[in-house]
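*Asks:* Those protein sequence lines, which keep their order, are chains A and B. Following the numbering used here, the numbering of the first sequence begins with 850 at its first residue and continues without gaps. Following the numbering used here, the numbering of the second sequence begins with 5 at its first residue and continues without gaps.
Certain hints may be false.
Said to hold, decoys possible - Think about it this way: if two alpha-carbon atoms lie no more than 25 Å apart in a straight line, the pair counts; the simulated DSS-like pairs of lysine-lysine are: (1) B/K237 to A/K859; (2) A/K905 to A/K879; (3) A/K903 to B/K237; (4) A/K905 to A/K948; (5) A/K903 to A/K1063; (6) B/K219 to A/K922; (7) A/K1078 to A/K1115; (8) A/K905 to A/K918; (9) A/K948 to B/K219; (10) A/K918 to B/K237; (11) A/K948 to B/K237; (12) A/K926 to B/K219; (13) A/K971 to B/K219; (14) A/K905 to B/K154; (15) A/K948 to B/K6; (16) A/K903 to B/K154; (17) A/K859 to A/K877; (18) B/K13 to A/K926; (19) A/K948 to B/K13; (20) B/K237 to A/K905; (21) A/K922 to B/K6; (22) A/K1063 to A/K1078; (23) A/K918 to A/K859.
Because the hints were derived from the structure by calculation, they are not lab data.
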Amino acid sequence: MIALETSQLKLAYGERVIIDGLDVEIPKGKITVLIGCNGCGKSTLLRSMARLLKPKTGTILLEGQMISKMSTKEIAKQLAILPQGPVAPEGLTVLQLVKQGRFPYQSMLRQWSTEDEELVNKALEATGLDELRDQDVDSLSGGQRQRAWIAMTLAQNPDILLLDEPTTYLDLTHQVDILDLLFTLNRQENRTILMVLHDLNLACRYADHLIAVKSGEIYAQGSPEDIMKPSLVQDVFQMDCEIISDPIFGTPLLIPHGKGRNIVRKEG
Amino acid sequence: MKIHTHQGKWLTLIISIFVLILCMVGSVLLGYTDTSIQTAIQAFSHPTGVFDQLVVTEVRLPRALIGVAIGGALAVAGALMQALTRNPMASPDFIGVNAGASFFIVAGMMLFSVTSLEAFLWIGLVGSAVTSLAVYLLGSMGRGGLSPLKITLAGAATAMLFASMTQGLLVLDESALDQVMFWLAGSIEGRKLELLQLIVPYLTIGFLIALFLGKSINVLQMGEDVATGLGQKTWLVKLLGLVSIVLLAGSAVSVAGPISFIGVMVPHIVKGLVGNDYRWVVPFSITIGGIVLVLADIAARFVMMPEEVPVGVMTALIGIPFFLAVARRGVGKA
Chain A
850 MIALETSQLK LAYGERVIID GLDVEIPKGK ITVLIGCNGC GKSTLLRSMA
900 RLLKPKTGTI LLEGQMISKM STKEIAKQLA ILPQGPVAPE GLTVLQLVKQ
950 GRFPYQSMLR QWSTEDEELV NKALEATGLD ELRDQDVDSL SGGQRQRAWI
1000 AMTLAQNPDI LLLDEPTTYL DLTHQVDILD LLFTLNRQEN RTILMVLHDL
1050 NLACRYADHL IAVKSGEIYA QGSPEDIMKP SLVQDVFQMD CEIISDPIFG
1100 TPLLIPHGKG RNIVRKEG
Chain B
5 MKIHTHQGKW LTLIISIFVL ILCMVGSVLL GYTDTSIQTA IQAFSHPTGV
55 FDQLVVTEVR LPRALIGVAI GGALAVAGAL MQALTRNPMA SPDFIGVNAG
105 ASFFIVAGMM LFSVTSLEAF LWIGLVGSAV TSLAVYLLGS MGRGGLSPLK
155 ITLAGAATAM LFASMTQGLL VLDESALDQV MFWLAGSIEG RKLELLQLIV
205 PYLTIGFLIA LFLGKSINVL QMGEDVATGL GQKTWLVKLL GLVSIVLLAG
255 SAVSVAGPIS FIGVMVPHIV KGLVGNDYRW VVPFSITIGG IVLVLADIAA
305 RFVMMPEEVP VGVMTALIGI PFFLAVARRG VGKA
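Next up, chain A with everything else stripped away, as it sits in the complex (with noise of 0.2 Å):
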């Protein structure tokens, strides 16, 4: 079963081609999780995918319909996208946010019913902010401000999630702490899950399915077990390094090189 699914695709920001002819399909009901270094096409990609970014040539099929041809609501139904780094307006209390997660429900002619209000209640609760719903956004930390933007995803009630870097300036708690619920939302509520992330470990912990980006091409793609190899290591992240097991699951766990305390004191 296939979420999203991409063919031919060229991307570019202007001149500049970022992606070039690219296939690439993202399986229903798993975890999948875009790797590579700064600047290889990841987030390009992951845009394009939530239509932020129109494809110069090739498609984008979301459940098997381009999205090129749904209307922008109908997409927001079916696919929720957190952005990287996004920022509330001053003064925007975590229920008003989280409100606006039924936009695309909404028109001119069908108001705030009661639907509505369950599941924006359900959004609160599976993020935990239940009791924070009066608070300013703003005065927020960091790990509950990412919680409040990812309860209003949920108030869209997506099949498909997708998020940009969403552990980025947390510190290890709380990104694991964001990881743990996106898990939750995955395995419980069986949503797809797309998202970009930075740390290789956390990402090999939570993925079903890894994606390493190169120069904006797949290098390589399955389960962090079969793919991520020191090899892999050195020709996406030109970096050194050993991989072991992670003693708690099993999962791989790299230990980069680099030159660490071999780096001696200057004498004098």
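Assemble chain B onto chain A, guided by the hints.
*Replies:* Using the frame of chain A, we list chain B on its own:
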């Protein structure tokens, strides 16, 4: 000071309408010719055409009504602009709409000897539309399309270009300076009621679009990507917002000249009162914008009695300290 409940906001809105009406009554009664309430009432109930009554019907009342309309229009245009550019300092003066309209009008006056205020209206509207379009196109060029930063830069550059061209025209023909100066400083004095009637349709459409856009602007304020992700046609919201800004700011500047600071100041007062929800920001901007401009216009009659100060000078006098306070607060936050 911020009002949170729905009922509270409705109540405050109604109070602000009453205050607005009080200010208008004040504007009719106060000035160089002191007018009693009886005279004012008789001017409408038993018009005899004596001087005191004519002051009320021909001078003071049009001035009060125009003040409300212009104040509300500038404030709403400013509020829309702040949301569309995501810049809390944005206002019609700031993206060049005022400067553009002013240039067109001054050019019309000096090159084609246009003198009627009716003609100013058309030229001003065309001028503000041309300027907005130019700023919009300049701001959309290059990678990533329209961005707040680019539209800010494009606006500042365009405003400076038009302002210096206006200066250039005035240097070329100093005799015209006197004629243009009073209009350029921004004033609502001596405008006939017919002029207001001319702009009422444009203002009405501008206000209606703004009121209708409230909810969409709330979504757009979360950022272009988030809004698109939620299924909003962001280009449509921005386009409608721009149309509303052109209609409101264009009519205002044509009738009253470039009155500064109302557009940046009032939305801040309003947001301090009711928060960032544009379903409330727009209606409150209309009433509070009207109040502030009418009060400034009353004050303008008294500061240099018996001479009058252009109201544009008054709003700048009130506005600059306010502007600095907002800027300081913004800096402290960052």
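*Asks:* For each hint, tell me whether it holds in the structure or not.
*Replies:* Consistency of the hints with the structure:
no. : hint               : verdict
1   : B/K237 to A/K859   : holds, 23 Å
2   : A/K905 to A/K879   : violated, 28 Å
3   : A/K903 to B/K237   : holds, 14 Å
4   : A/K905 to A/K948   : violated, 34 Å
5   : A/K903 to A/K1063  : holds, 21 Å
6   : B/K219 to A/K922   : holds, 16 Å
7   : A/K1078 to A/K1115 : violated, 35 Å
8   : A/K905 to A/K918   : holds, 15 Å
9   : A/K948 to B/K219   : holds, 12 Å
10  : A/K918 to B/K237   : holds, 14 Å
11  : A/K948 to B/K237   : holds, 18 Å
12  : A/K926 to B/K219   : holds, 19 Å
13  : A/K971 to B/K219   : holds, 23 Å
14  : A/K905 to B/K154   : holds, 23 Å
15  : A/K948 to B/K6     : holds, 21 Å
16  : A/K903 to B/K154   : holds, 21 Å
17  : A/K859 to A/K877   : holds, 23 Å
18  : B/K13 to A/K926    : violated, 32 Å
19  : A/K948 to B/K13    : holds, 20 Å
20  : B/K237 to A/K905   : holds, 20 Å
21  : A/K922 to B/K6     : violated, 34 Å
22  : A/K1063 to A/K1078 : holds, 15 Å
23  : A/K918 to A/K859   : holds, 17 Å
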